[in-house]
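Asks: In case you want the letters, here they are:
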Amino acid sequence: MSRAEEPGRPRRRVALFSAGGVAVLAVVLVVVLATRPPAVDTQANSPLVGRTAPPIAGASLDGGGPVDLAAWRGRFVVVNFFASWCPPCRTEVPELVQFTYEHKAAADASVLGVVFEDTASAGAAFARSTGATWPVVADPAGQVALDYGVRAPPESFLVAPDGRVVARIVGGVTASGLDQLLARARAEGA
Amino acid sequence: MGAVALAGRADRALRAAGRSRAGWAVLGLVLVVALAAGVRVGSGVETTSQRVDHIAAEVRCPSCEGLSVLESDAPTALAVRSAIRRMVAAGSSDSEIEGYLVSRYGSGILLRPGARGFEGLVWILPIVALVVVTTALTAVFWRRRRRASVALAPADVERVARAREGGGGGR
Numbered sequence: 001m002s003r004a005e006e007p008g009r010p011r012r013r014v015a016l017f018s019a020g021g022v023a024v025l026a027v028v029l030v031v032v033l034a035t036r037p038p039a040v041d042t043q044a045n046s047p048l049v050g051r052t053a054p055p056i057a058g059a060s061l062d063g064g065g066p067v068d069l070a071a072w073r074g075r076f077v078v079v080n081f082f083a084s085w086c087p088p089c090r091t092e093v094p095e096l097v098q099f100t101y102e103h104k105a106a107a108d109a110s111v112l113g114v115v116f117e118d119t120a121s122a123g124a125a126f127a128r129s130t131g132a133t134w135p136v137v138a139d140p141a142g143q144v145a146l147d148y149g150v151r152a153p154p155e156s157f158l159v160a161p162d163g164r165v166v167a168r169i170v171g172g173v174t175a176s177g178l179d180q181l182l183a184r185a186r187a188e189g190a
Numbered sequence: 001m002g003a004v005a006l007a008g009r010a011d012r013a014l015r016a017a018g019r020s021r022a023g024w025a026v027l028g029l030v031l032v033v034a035l036a037a038g039v040r041v042g043s044g045v046e047t048t049s050q051r052v053d054h055i056a057a058e059v060r061c062p063s064c065e066g067l068s069v070l071e072s073d074a075p076t077a078l079a080v081r082s083a084i085r086r087m088v089a090a091g092s093s094d095s096e097i098e099g100y101l102v103s104r105y106g107s108g109i110l111l112r113p114g115a116r117g118f119e120g121l122v123w124i125l126p127i128v129a130l131v132v133v134t135t136a137l138t139a140v141f142w143r144r145r146r147r148a149s150v151a152l153a154p155a156d157v158e159r160v161a162r163a164r165e166g167g168g169g170g171r
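Protein sequence lines correspond, in order, to chains R and B. With our numbering applied, the first sequence covers 1 to 190. With our numbering applied, the second sequence covers 1 to 171.
Honestly, I wouldn't trust all of these hints.
[Unchecked claim] Chain R is faced by these chain B residues, among others (derived, beta-carbon under 10 angstroms):
hint: 1; residue: Pro62
hint: 2; residue: Ala74
hint: 3; residue: Ser107
Treat the hints as calculated values from the structure; they're not laboratory data. The C-beta atom is built at its ideal place from N, Cα and C for all residues, glycine as well.
Chain R on its own, in the form it takes in the complex (with noise of 0.2 angstroms):
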């Protein structure tokens, strides 16, 4: 019998072609997950990047008076949803307290909390352990998440200084990142 009719032949190359596929496929899932960006500053699809932002009006849960997102025209603000029940909105927190530390002299780019998911006092808590310096409004009919559609917190969104969303944001932000994007809305005329 020649070796072309050996009877195990053809099973042996088959297997080795399934094993090589799988390998050759084991590979690429390893190379696309490894080089994917990470879980922080992703930014995400929304039906309201391009639009006016939607209302936000409240007071301020640490005593500071009324605020409203329409009186905040002319500069930028980053609308942050966080819930005290959330780690990755604790992680967050120094990337914003810094981000708005970079601004202050500028006064060209603001932060406002809202509370998502989360009682009033609890979300106040939150940002006084956390040295959340920012307004932060309460959101208990969960209305303003709504108009943002909000999913889960941490999710922020970008708004510039003519009141369009810029960006939306899932996950937690950095200071770095979110200086990228207002470059980047900059540049593209906002």
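Following the hints, put chain B in place on chain R, whose structure we already have.
Replies: Structure of chain B alone, referenced to chain R:
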């Protein structure tokens, strides 16, 4: 094999084929009736509350996996249900309400995939798959039946005929 035995085999084969066709016909009828019944269910006038529930059942809970806003008690689900109730009371149509939610959350907020674009494939592919599978099965069964049919030689056909007339036939 004797002519009578051959005739008997041919008879049995024909009767089995007839039963198989009847069985498939009954199955097809049951499927059509079930589909028609499923389409008819849900028709009729709804109360406001029923309409709110019906719409809420089609909207995904924004902050929880795999639940509709009708099923979930999460604050975001309650907010969406409340918005649906308000809009129904204000006279908005189902499509206007869904359009509002899609304008906030994107098309993924709806549990039912859209009928256009890439999402529309969800509706088309099962029908296409059903047609392909039915055609393939029909072709396979038809080919098998052709292969299995007994081909009688002319001499055997004559013997069968004589056997039926005479009530006997030799081997």
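Asks: Have a go at the proline 62(B) hint: is there a Cβ in chain R nearer than 10 angstroms to its own Cβ?
Replies: Check passed: Cβ of proline 62(B) comes within 5 angstroms of chain R, closer than 10 angstroms.
Asks: Under 10 angstroms, Cβ to Cβ, is where alanine 74(B) needs to be relative to chain R, so tell me if that hint holds or is violated.
Replies: 7 angstroms, holds
Asks: Closer than 10 angstroms between Cβ atoms is the bar; does serine 107(B) clear it against chain R? Give me holds or violated.
Replies: 9 angstroms, holds
Hint check: no violations occur; every hint is consistent with the structure.
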